[in-house]
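Enquirer: Residues per chain, in single letters:
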Amino acid sequence: GAGVSQSPSNKVTEKGKDVELRCDPISGHTALYWYRQSLGQGLEFLIYFQGNSAPDKSGLPSDRFSAERTGGSVSTLTIQRTQQEDSAVYLCASSIAGGIHEQYFGPGTRLTVT
Amino acid sequence: AQSVTQLDSHVSVSEGTPVLLRCNYSSSYSPSLFWYVQHPNKGLQLLLKYTSAATLVKGINGFEAEFKKSETSFHLTKPSAHMSDAAEYFCVVIHTGTASKLTFGTGTRLQVTL
Numbered sequence: 149g150a151g152v153s154q155s156p157s158n159k160v161t162e163k164g165k166d167v168e169l170r171c172d173p174i175s176g177h178t179a180l181y182w183y184r185q186s187l188g189q190g191l192e193f194l195i196y197f198q199g200n201s202a203p204d205k206s207g208l209p210s211d212r213f214s215a216e217r218t219g220g221s222v223s224t225l226t227i228q229r230t231q232q233e234d235s236a237v238y239l240c241a242s243s244i245a246g247g248i249h250e251q252y253f254g255p256g257t258r259l260t261v262t
Numbered sequence: 079a080q081s082v083t084q085l086d087s088h089v090s091v092s093e094g095t096p097v098l099l100r101c102n103y104s105s106s107y108s109p110s111l112f113w114y115v116q117h118p119n120k121g122l123q124l125l126l127k128y129t130s131a132a133t134l135v136k137g138i139n140g141f142e143a144e145f146k147k148s149e150t151s152f153h154l155t156k157p158s159a160h161m162s163d164a165a166e167y168f169c170v171v172i173h174t175g176t177a178s179k180l181t182f183g184t185g186t187r188l189q190v191t192l
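Residue numbers (the working numbering), protein chains in the order written: chain A, 149 to 262; chain B, 79 to 192.
What the hints contain is simulated information worked out from the structure, not anything from laboratory work.
Beta carbons are placed, not taken as given, at the ideal position from N, Cα and C, and that holds for glycine.
Don't take every hint at face value.
Said to hold, decoys possible - Sample of chain A residues facing chain B (criterion: CB under 7 Å; computed from the structure):
#: 1; residue: Leu191
#: 2; residue: Tyr196
#: 3; residue: Gly199
Produce the entire structure from the sequences given, and follow the hints as far as they go.
Expert: Set out below in structure tokens:
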């Protein structure tokens with residue numbers, strides 16, 4: 149079956165602009181995660197959605213970052229007023245449930261802020 | 079707080095020789111640990127996971143890891159390296175409970191030479 153998909157694969161934007169990154173999880177997976185991979189910070193957790201529960205936003209680096217998950221499926225990560233330090237690869241993962249179940253990762257969106 | 083430390087940022091081996099990628103963990107209680115692999119321009123893939131069952135865990139592509147509580151280690155090994163093993167490897171600990179987020183080590187880049 150299809151894996152986790154993300155779009156766009158690459159995004160170049162000017163400093164100060166807003167961007168939206170999309171994630172389509174594996175069908176039937178109730179848990180969805182966003183991570184960020186950057187040279188300076190490595191791989192870091194951003195936000196976690198599990199079913200209809202309130203998301204865990206503890207990893208979001210600033211209030212410029214937000215995410216939503218509509219209908220328990222597709223998720224959008226929004227970065228407002230982008231800064232150069234936001235340049236990174238944004239990874240989405242899904243799992244059949246929370247806990248220690250395997251997280252399946254998408255290919256990522258490479259964001260470059262100029 | 080739980081964390082993992084990957085002791086080598088870069089490891090180089092010859093094809094056909096053993097692979098050892100080292101990881102130490104820090105946790106106030108028994109952790110769940112994973113190894114993920116990331117090939118160039120590809121998504122993260124789970125190699126294996128330890129969840130307090132057998133301490134010797136076998137994964138895909140001939141990799142295995144042994145959980146040693148006395149040494150707080152979870153080293154990844156493979157008896158014979160193949161060129162296709164060249165990739166970045168991440169040791170990961172999961173935070174159980176309501177927020178099932180992964181905490182990644184800094185990664186070890188494995189180079190395999192002829």
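Enquirer: Of the numbered hints stated previously, which ones are contradicted by the structure, given in increasing order?
Expert: 3
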